[in-house]
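Asks: So the sequence lines, in the order shown, correspond to chains F and X.
Okay, so the first sequence: first residue is 1 according to UniProt numbering, each after it adds one.
Okay, so the second sequence: first residue is 1 according to UniProt numbering, each after it adds one.
Just so you know, the hints here were simulated from the structure itself, not pulled from any lab data.
Any given hint could turn out to be false.
Stated by the list, open to error - In silico DSS-like cross-links for lysine-lysine, where the CA-CA straight-line distance does not exceed 30 angstroms:
hint : chain 1 : residue 1 : chain 2 : residue 2
1    : F       : 208       : X       : 294
2    : F       : 61        : X       : 250
3    : X       : 250       : F       : 185
4    : F       : 70        : X       : 294
5    : X       : 294       : X       : 126
6    : F       : 208       : F       : 102
7    : X       : 117       : F       : 65
8    : X       : 289       : X       : 250
9    : X       : 33        : F       : 144
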Amino acid sequence: MNQELLLKLSECVEFGKINLASPYPPNMKGQPGADEYTKEALEAGAQPSEILDELVAAMGKVGQKFTENKIFVPQMLLSAKAMSAAMAHLKPFFASGAVQRKGTFIIGTVFGDLHDIGKNLVAMMVEGAGWEVIDLGIDVKIEKFVEAVQQHPGAALGISALLTTTMVNIQPVIEAVKAASPDTKIIVGGAPLSAEFAASIGADAYGKTPQDDIVWLDTLIA
Amino acid sequence: MKSWIDSILTSKQRIALPIMTHPGIEAIGKTVKEAVSDGQVHYEAIQSVAEQFAMPACTSIMDLTVEAEAFGATINLPDNEVPTVTGRLVSDAASIAALEVPSLDKGRVSAYLLANKLAAENITGKPVFSGCIGPFSLAGRLYDMSEIMVGIYIEPDAINELLSKCTQFLIDYCRALKASGTQGVVMAEPAAGLLSNEDCQMYSSEYVKQIVEAVQDDNFTVILHNCGNTGHCTEAMLATGARALHFGNKIDMVQALNDCPSDVIVMGNLDPVGVFKMGTPDEVYVQTKALLEKTANYANFVISSGCDIPPHASNANIEAFFSAVKDYNNNM
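Could you build all of it, start to finish, from the sequences and the hints given here?
Replies: Structure follows, in structure tokens:
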């Protein structure tokens, strides 16, 4: 029974079925979604850690499909929203310590940049990969990045920039964060960025896709 | 502008048209904020670029917020960066239904019309291309870009209604830009590049097509810009009927040329940041030459930046770009 529920949950996340009300995907219309199946699985006695494992595996498939250009941003966001609906039911177990997450990832869009789509995707995907995500939002000033890193020692940091005009604001953030917390690992991403640019401004990594962030984060705890 | 297109297709010289206004803003000593708010300043920036670099055509500022502001969206206007939209203007079917299509006297629209009018009146001997946002990218700025990506699947009827309203405004706006005397419009539709080809067709191209049909003719060209296209949605871009397509640096330029018929102008795609801003003049020169050589067999190719060249790209780099084109042409 639990296995059947977990399989259905996994499929809902992989294909972006958020809840009963959602008409997407068409072949799942009128059926329960990730929201309902997670609740049902918990009530049926499934372990929260089992559920989390299913979510992580499902989102791994989604990330892989995106990397292979088999799905696009809308499909990935729908899966991320389905995953978030499921995760909402697990939050009490994270808070109590019954389920352990891999670590903490702080993310924000750099000062001057109010775009959030890339940051949101990364945040949702990384959370779906088993990390606690602290989303600082958009237009984040240097001091806020530094403060967040100091409040969460050991956290990794992600900095996003979606504008050619604001990507130059990343380097001062990196310099300030590294000065305050030399051991903090930083990954940068965003449409105008590249691996070469990331290296030139002192970032530890560059994430072209959200999956790149996940793979890199997992290397930090390997 | 059919005559300009014909001149490109028949010319033995390679044509270059990077998308840029910031070098003009900087040269006349104004801020970005002043340029995007004051039509006279905007025009002077356009003219300055035209004169500094002997441009074969002019483009206006790629400001992707003026249209959203006209609808009532809140705009963040920093002094020396391009403006951005904040918050959500509409969030559900009810607010979309209540949304009014704004008239052209809202926000900074009149400043943009003035800039284009002044440019068309005073810059002679070359086409002047105005600019506007595409319908899907505009709708995304009103509804939140992340949310609209989900909305096209969860609330398609509401999103289509929003797109229709955006399209109606853009038709009105493009007609006014045309009436201002410009020879075309660069329509920036970057958000569509994040969609599959099928979704791009449904939620962008079908609406762009309405705008193209309303304004494009032998004297006015729609140049459709999609810098998110990696090669996956070129077919959808072509379906709009725009006579010119402009590509970002995510796509292989030769692939784009191979995917397009030879009577459609294909423009692109040197990295505006990695090459124009971060590169050295020598690197810009080499990259420009390399792209020209790669595309030598395509008469419909116009070499350009992949997107708007950002503020404070050095004049030496831009001059290196034009030098490379000039040297290439002299050696043909």
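Asks: Which hints from the list above does the structure break, by number from lowest to highest?
Replies: 7
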